[in-house]
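S.K.: Top to bottom, those sequences are chains A and B. Take 1 as the starting number for the first sequence in the working numbering and just add one per residue. Take 280 as the starting number for the second sequence in the working numbering and just add one per residue.
Simulated from the structure, these hints should not be mistaken for laboratory data. There's no promise every hint is true.
[Unchecked claim] Listed next, the in silico DSSO-like pairs over lysine-lysine satisfying Cα-Cα at most 30 Å (straight line):
id: 1; chain 1: A; residue 1: K275; chain 2: B; residue 2: K366
id: 2; chain 1: A; residue 1: K275; chain 2: B; residue 2: K309
id: 3; chain 1: A; residue 1: K95; chain 2: A; residue 2: K80
id: 4; chain 1: A; residue 1: K29; chain 2: A; residue 2: K80
id: 5; chain 1: A; residue 1: K95; chain 2: B; residue 2: K373
id: 6; chain 1: A; residue 1: K194; chain 2: A; residue 2: K80
id: 7; chain 1: A; residue 1: K80; chain 2: A; residue 2: K162
id: 8; chain 1: A; residue 1: K275; chain 2: B; residue 2: K363
[What the hints assert, rightly or not] A few chain A residues that face chain B, going by a derived Cβ cut-off under 10 Å, partial list only:
id: 9; residue: T85
id: 10; residue: H155
id: 11; residue: G235
Keep in mind that this is a model prediction, so the values were computed, not measured. We put the CB at the ideal spot given by N, CA and C, even for glycine.
Each chain, letter by letter, is given below.
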Amino acid sequence: MRPLTSDFLMQTTTADGSSTHELAQSYIKPNDRLESFERLEIYNRQYWFRVIGAVAEDYPGLQAVLGDKPFDRLVLEYLKENPSTSFTLRNLGSKLPQWLEGHPEFAPNRHDLILDVARLEWAYVEAFDGGSVPALLGSDFSSLGAESLLFLQPHLQLLSLKYPVDELVLAVHRETSPSDMMSNAVSERKQLHKMRLPKMRRSSVYLAVHRYENSVYYRRIDREAFRLFAALQRGTPLGLALEEAFLESVLSAEDQAATIQQCFAHASELGWFCKQRDE
Amino acid sequence: MPPNRFNGFCDYGVGIGLRVPHYDHIFAEKPVVDWFEIISENYMIDGGRALYTLDQILDRYRVVQHGVSMYFGSAQPADREHLKRLKALTRRTKTPWLSDHLCWGSVDGRYTHDLLPMPYTFEAVRATASRIREVQDFLEIPIAAENVSSYAEFHQSEMTEWEFLNEVVEAADCGILLDVNNIYVSSQNHGFDPFDYVNNIPAERVAQIHIAGHSKFEKYILDTHDHPVLDPVWRLYARAIERTGPTATLLEWDDNIPSFQEVHTEALKAMQYLDPSFTSNIPGDSVGAPTLEVVQS
Numbered sequence: 001m002r003p004l005t006s007d008f009l010m011q012t013t014t015a016d017g018s019s020t021h022e023l024a025q026s027y028i029k030p031n032d033r034l035e036s037f038e039r040l041e042i043y044n045r046q047y048w049f050r051v052i053g054a055v056a057e058d059y060p061g062l063q064a065v066l067g068d069k070p071f072d073r074l075v076l077e078y079l080k081e082n083p084s085t086s087f088t089l090r091n092l093g094s095k096l097p098q099w100l101e102g103h104p105e106f107a108p109n110r111h112d113l114i115l116d117v118a119r120l121e122w123a124y125v126e127a128f129d130g131g132s133v134p135a136l137l138g139s140d141f142s143s144l145g146a147e148s149l150l151f152l153q154p155h156l157q158l159l160s161l162k163y164p165v166d167e168l169v170l171a172v173h174r175e176t177s178p179s180d181m182m183s184n185a186v187s188e189r190k191q192l193h194k195m196r197l198p199k200m201r202r203s204s205v206y207l208a209v210h211r212y213e214n215s216v217y218y219r220r221i222d223r224e225a226f227r228l229f230a231a232l233q234r235g236t237p238l239g240l241a242l243e244e245a246f247l248e249s250v251l252s253a254e255d256q257a258a259t260i261q262q263c264f265a266h267a268s269e270l271g272w273f274c275k276q277r278d279e
Numbered sequence: 280m281p282p283n284r285f286n287g288f289c290d291y292g293v294g295i296g297l298r299v300p301h302y303d304h305i306f307a308e309k310p311v312v313d314w315f316e317i318i319s320e321n322y323m324i325d326g327g328r329a330l331y332t333l334d335q336i337l338d339r340y341r342v343v344q345h346g347v348s349m350y351f352g353s354a355q356p357a358d359r360e361h362l363k364r365l366k367a368l369t370r371r372t373k374t375p376w377l378s379d380h381l382c383w384g385s386v387d388g389r390y391t392h393d394l395l396p397m398p399y400t401f402e403a404v405r406a407t408a409s410r411i412r413e414v415q416d417f418l419e420i421p422i423a424a425e426n427v428s429s430y431a432e433f434h435q436s437e438m439t440e441w442e443f444l445n446e447v448v449e450a451a452d453c454g455i456l457l458d459v460n461n462i463y464v465s466s467q468n469h470g471f472d473p474f475d476y477v478n479n480i481p482a483e484r485v486a487q488i489h490i491a492g493h494s495k496f497e498k499y500i501l502d503t504h505d506h507p508v509l510d511p512v513w514r515l516y517a518r519a520i521e522r523t524g525p526t527a528t529l530l531e532w533d534d535n536i537p538s539f540q541e542v543h544t545e546a547l548k549a550m551q552y553l554d555p556s557f558t559s560n561i562p563g564d565s566v567g568a569p570t571l572e573v574v575q576s
């Protein structure tokens, strides 16, 4: 579907250059107040307001960093290439982080930063309503060996970031109240208030975005823990996952053992290890 | 309330939509509400707070599911993943009936997330009825098709909207969710008498009624669900109840949502039509107060 004009009106020509007026007249009756074009335009405008609004709701941090107009341009370009293919609006922004990797033009000097923000904000969505499976109990761990597969909660998202954007996104979320409901009514797009954002300096951060008692948390983890959980998430057996975690690590054997113990203690406490999910 | 086979023979009164801004009030005050309507798509997810909250509501209240994306009028067969998730949710909520819209909204796997009007043709009747039957057979609960508000009419139409609705529900053997606000909005946008609509639907198939507020602009009316119900809509509702008998009724209020009490009080105005002996005991209740229409620029 062609985007609106800069005045939020329907384009007067179609993608192939023919007249939208004539196209509308061929299908839609005019009435005593509105031409066919104007009646079609009501739907055309609502379509774009609705889909742009749906994506914007999932990325308030990205909007705050970019500013309203550049953000709207970005979302529009994204939606032109990634229209909805799902019955639910929930998934409309799912491809944005990956799409953004190939589009540095929206913030050439801050591309890595906005990419990190987008990744974290989508991880929040996945953690918010992703599935959960009964957690493993203490007794389940006693039979584990090097060949064992350990499963992680479906809602757990692991991120390797170049900026500490968790601070930024948390600051934005404190200022915005999520509207997580869809309805069949015509609605208006809500605008974000201007807010002061924390300054971002480049530094590697590893995050586990997870849900605990129905709230989403961003937990910073160290590099070795990230590599261990990421390997387990890919289905790597426990022994190999541990090897992968400490590959190129400068930690002593003693510190490695302590790290492993700490990783497992925290993950078990938070219920990250779970039974295999039903497919 | 005379129940019928299109609403699972349920004797439901006046309900309101379950909305996030009201959660705190509902859990703290545990108000008496006959039933809540949920938007199915908000709960067709894998886990998290929304489902947890829904389960708490289900422990205490009756819930009916209303969908916004089944698109009975779309040409393709229904999405199986959608149907599976919807069925799982119906098992969870034990909804006695399920409603969605008489519209289209998807084509070739692309979704508009809008309730688009249909050309009222006999070909569309056949295709739409077939899809409703498919959904009804899969879900194994009664389906009610809701009339939408619309802003456009097609040259190809071969009948009025209410004739189309009648043809579809007869062919699909399903119920009707009669939205009297949508009838009013469309009547103003297309220039027909809304009472002709209400007087010509098969009253015995009405499973549920929707009431809502709308916004009037200079050249058309928009279905915004962000106002109290306006007087012309109450008059249509009164006529609908005359024809159907007391029927499960729901107030939709989806934007600029006021307090729980304000929404519930507005919904309970319907009781004066459903049960003339009803007197509200809600403080500040203003049953029967007229609500005037304001033209927006």
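S.K.: Each of the hints needs a verdict: does it hold here or not?
M.R.: Results of checking the hints against the structure:
1. Distance check on the hinted pair: A/K275 and B/K366 sit about 25 Å apart at the alpha-carbon level, within 30 Å; holds.
2. For a cut-off of 30 Å, the pair hint linking A/K275 to B/K309 is broken: about 36 Å separates their Cα positions.
3. Note on A/K95 and A/K80: the hinted pairing holds, with a Cα-Cα distance of about 12 Å set against a maximum of 30 Å.
4. About 28 Å separates the Cα atoms of A/K29 and A/K80, which keeps this hinted pair within 30 Å; it holds.
5. With a C-alpha separation of about 34 Å, the suggested pairing of A/K95 with B/K373 is violated against the 30 Å cut-off.
6. A distance of roughly 27 Å separates the Cα atoms of A/K194 and A/K80; the hinted pair therefore holds under the 30 Å criterion.
7. Restraint check for A/K80 and A/K162: the C-alpha separation of about 28 Å stays at or below 30 Å, so the hint holds.
8. A hinted pair counts as satisfied when its Cα atoms are at most 30 Å apart, and A/K275 with B/K363 qualifies at roughly 23 Å.
9. A hinted interface residue such as A/T85 counts as satisfied when its beta carbon comes closer than 10 Å to some beta carbon of chain B; here the least separation is about 6 Å, so the hint holds.
10. For A/H155, the interface hint holds, the least distance from its beta-carbon to any beta-carbon of chain B being 6 Å, beneath 10 Å.
11. Using the Cβ-Cβ criterion of 10 Å, the hint placing A/G235 at the interface with chain B is not satisfied: the shortest such distance is roughly 20 Å.
Hints 2, 5, 11 from the list above are not met by this structure, while the remaining hints are.
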